[in-house]
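With the hints as your guide, set chain B onto chain A.
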Amino acid sequence: MKPPRQQPAGGRLWLGAFVCLLLTPMLLGQLPPGTSAQNGIKFPEYDKQTQRLKSLLTGQTAVQQPTGEVLVNSMRVEIYSYDGETRKIDVVVEAPSCTFDFKERVASSPGPLLLRREDGRLLVAGVGFQWRQSSSQLYISNNVQTVIARKPRGL
Amino acid sequence: MKTFLLLSLLAWGGDRALAAATHLANATNQNLLITARTLSYDHTAGIAIYKGDVRVEDPEMIMNCGLMIIRLQLAPKPGATNNPPATNAATATVATNTSTNAAASSGTNTASLAKPAWEFDSRKINSVDAEQDVVIFLKKDKSKASGDKAVFTSGTGKMELTGNSYIETENGYLVGDIIIWDRNANTLNATNPRTVLRSDLKGRTNRVVQPAPAPGGNK
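So the sequences go chain by chain: A and B. Going by this note's numbering, the residue at position 55 of the first sequence is 36; the numbering climbs one at a time, nothing skipped. To convert a position in the second sequence, counted from 1, into this note's numbering, add 125.
Each hint should be verified, as a subset may be incorrect.
[What the hints assert, rightly or not] In silico DSS-like cross-links for lysine-lysine, where the CA-CA straight-line distance does not exceed 30 Å:
#, chain 1, residue 1, chain 2, residue 2
1, A, 29, B, 249
2, B, 264, B, 283
3, A, 69, B, 264
4, A, 84, A, 23
Simulated from the structure, these hints should not be mistaken for lab results.
Here chain A stands alone, though its shape is the one from the complex (with noise of 0.2 Å):
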């Protein structure tokens, strides 16, 4: 019986390696400069000491820039907060875009931005803003306008 014809070992580790260089950029959310943008982007925070998800930034699509930033479009950011174990949205910022220093960990922009709650109540619109995400802190730079709708009695 003829022996399975086997592949050099050096030929499988090149294959290996062009296989995780491709899949580099997804896993990470990045294109390489140039390359047309990636749709559906998702960059979540978690807690270090909870391991829980502190915040998720995702983007309908996302382009690499030269200066390494990531240019998402229609930005959005979940913040959470926990009820015991249950997580529930506190508070969503929504932006037309920004743009994101993956390294940094900073989404920022000169253009509008809108804070509110999930139910309503509170709604922030600015313009300028700069989001940074591991320590869950929002800057607005300019016309900040908040609208904080009063809790019904008895809630």
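Structure of chain B alone, referenced to chain A:
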């Protein structure tokens, strides 16, 4: 500014932006409106800091200041209930020279900024610190309070004014080192108070009440 933001939101487009713009446009007097130049919001620490031409308007009052810090309750209390609405506690202005308790005749339903009915994110507002030329107008009776710093505490419903603190009502005005305004009980407590009563609404002063000397203190 509101119009500018509405236009910006509409220019942005999208259902959510449109809904938000509609929400802003329909913001009624039942809501708390805050405008400022900048906002720093730390979700982890539960702090929101408004800076620059801060204006706060709620159903009962308007406040202007340069800096406002909102502190949120870090651990929401499940099952906590809100206090019932305060009733009008209008009384005649009586300021004694021995007491540090002067009744304010604001006659205002005192549910306001620091009431626990207000939440920022999912957490209740614990306290609000207003600094830098704080001026507060009560809508109902046009009374006015000012000071270098005002601290609202949600749990007690009290506002503490410090630094050139001054409160003026239709019956007179009160100057003190520290003025504590209990918005639920509608009373004023002041340390080292100087109260001036008016005989009419035109501002004619007919009596100045000086603080009583401290017991055992030097005159």
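How the hints compare with the structure:
1. Only pairs whose Cα atoms come within 30 Å are accepted, and residue 29 (chain A) paired with residue 249 (chain B) is accepted, the gap being roughly 26 Å.
2. Distance restraint check for residue 264 (chain B) and residue 283 (chain B): the Cα-Cα separation of roughly 18 Å lies within the 30 Å cut-off, and the hinted pair is therefore satisfied.
3. With a CA separation close to 38 Å, the supplied pair residue 69 (chain A) and residue 264 (chain B) exceeds the 30 Å bound.
4. About 15 Å separates the Cα atoms of residue 84 (chain A) and residue 23 (chain A), which keeps this hinted pair within 30 Å; it holds.
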